[in-house]
Amino acid sequence: MNTAAFTMFLGIVFVTLIITYYASKKTNNASEFYTAGGGLTGWQNGMAIAGDYMSAASFLGIAGAVALSGFDGFFYSIGFLVAYLVVLYLVAEPMRNLGKYTFADMIAARFDTKKIRGFAAMNTVAISIFYMIAQLVGAGALIKLLLGLEYTTSVLIVGVLMTVYVIFGGMHATSWVQIVKAVLLMGGTLLISIIVFAKFNFSITGMFAHMKDATPLKEAFLNPGVKYKDGLDTISLNMGLVLGTAGLPHILVRFFTVKDAKTARSSVVYATWIIGIFYVMTIFLGFGAAAFVGTAEITAANAAGNMAAPLLAKALGGNMLFAFVSAVAFATILAVVAGLVLTAASAFAHDFYNEILRKGKATEGQQVKMARYASIGVSVLSIILALFAQSLNVAFLVSLAFAVAASANLPVILYTIYWKRFNTTGAISAMAVGLISAVGLVLISPNVINPVAGAAIFVGEPLFPYTTPGIVSIPLGFLAGYLGTIFSSQKADVKKYEEVLVKTNTGIGMGQ
Amino acid sequence: MEARKINEFNESDYSRIARSQSFQDLLSEKKKFILPITIFFFCFYFALPILTSYSDILNTPFIGSITWAWVFAFLQFIMTWGLCMLYSRKAARFDQLAEKVIQERGKGS
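In order, the protein sequences belong to chains W and D. Read left to right, the first sequence gives residues 2 to 513 (the numbering used here). Read left to right, the second sequence gives residues 29 to 137 (the numbering used here).
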């Protein structure tokens, strides 16, 4: 047992529980539970978006990917950031002006039918659970490595904590855990980056010159093409990255935590600065790990490279820095899974229970109670799935979540806001085709069926050659929405579209 | 539920606002700005993986061991931040136009 790491983990648990205690005092109605009463400021929500978004997959995964594949690993950093232009230019303000608690609310502002709300809520739950399993499995493996606890115990610790934050503190606790995590993650990453940069005498050219010979890949490390050799596979990955964020429900709900579109806008701008600076620093993390830890040691600890950042910390600053960076990774996981639990629980409690089952007539007390039950349900389900998935390589579930968001949610969001003729048939077609094609293609992709034994769940020749489904499923989602609309006999409801248009662009009648 | 009482706009109000000159001005200003910029950043973004996948042109050195691929990658960051600031500036103008739409609805009818 690593005493320093254990103490810092306890410190994080302690701080987050104090946040939860204070948050619980404010969490007394549905609006407080789902959206912190819409009372966050721009910078608070900007930090929380950053904390919600920069998952362990970003911190540990990208550092490892850059360390092992050089430039190709950096594609993730670029895509994850540029995605925020889609959010800012096309989605954030309309989302705030049309929605109330959930992504489905925003679609329902135009098409108020149970079927559409049900589909949107189902996609929310599917995306959140895919994402959460990847985080929980990663968390289990990480804590096992760092503290020497059993995998099952580790998953249970994270699972119990995330449930506690959400059921007692709702969106207040979730937001502040995310804000604290963003500060810790930025601080830790900045510290390591400065140490790495100092080792290269603060010379960018010196660093690149060193990296040319530092890894077994030699010069190829600095060139694209180490990991992604097929052009269409690379483009598919980039499509999923840049278009997925604007359809991720746990990011979209963050826009309901501020009072108006103007604040939603400024929160995206703050988030983009923070996230961008973080992703620039992933170069230092990756290069540093490759240079000062070494490829052999990184892959020995974890084949995917997930231990690159903690090992780099150990190489640079000994056990204290290792313990700190591990604790930061722990906080990162906690903040992300709390956001996911809350988002999936909102879809169950608000969309399925209150809006569909109770026709919007549940009392505040019933809504909060149901939201808490739903949070427990979502947590238990994810924990069980994560325990079963222990020995599986589930990193691809993150890209699956992005692909479903881009293929099923983004087409519906954009058509709802910007296309006058769009109708309910189109909305359902887009959501169903987007979800089914993204999941279906992943099931027959090399992530699930791989000729190399042990690389995936089944051994064999994959039927779909690319590692991400975006290049097929995203166009299919958009096409299904278009064809569903023009081939249905339904007439466009012009009056309803005019109402949506006015609300979207002026904020009149917001949040109904 | 309370929000419904505050709301004083009914369906025909929305239609009237949607067809008003000030609202149409707002929409066309937004479209003139958002559409071309969106097309631009998608092109700029996808140019990177397309160039790295189908040509070696970005593998040529910029300074020392830093290749153009890294320069282009870093420019993606600069573009994102730059367009963020540009949007914030432009949005102040949209806010003014939107405010005008809301005001006119107040005086009219």
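There's no promise every hint is true.
Stated by the list, open to error - Subject to a maximum C-alpha distance of 35 Å in a straight line, what follows is the list of computed DSBU-like cross-link-like pairs (lysine-lysine):
1) D:60 x W:27
2) W:213 x D:59
3) W:360 x W:26
4) W:145 x D:60
5) W:230 x W:219
Hints in this document: simulated from the structure, not taken from any laboratory. From a predicted model like this one, the values you see are computed outputs, not experimental measurements.
Hint check results:
For the given pair, residue 60 (chain D) sits about 43 Å from residue 27 (chain W) by alpha-carbon distance, which is inconsistent with the 35 Å threshold. Annotation: proposed proximity of residue 213 (chain W) to residue 59 (chain D) is violated, straight-line Cα distance about 46 Å (limit 35 Å). The straight-line distance between the Cα atoms of residue 360 (chain W) and residue 26 (chain W) is roughly 29 Å, inside the 35 Å bound, and the hint therefore holds. Taking the CA atoms of residue 145 (chain W) and residue 60 (chain D), the gap is about 54 Å. The hint is violated against a cut of 35 Å.
Taking the CA atoms of residue 230 (chain W) and residue 219 (chain W), the gap is about 17 Å. The hint holds against a cut of 35 Å.
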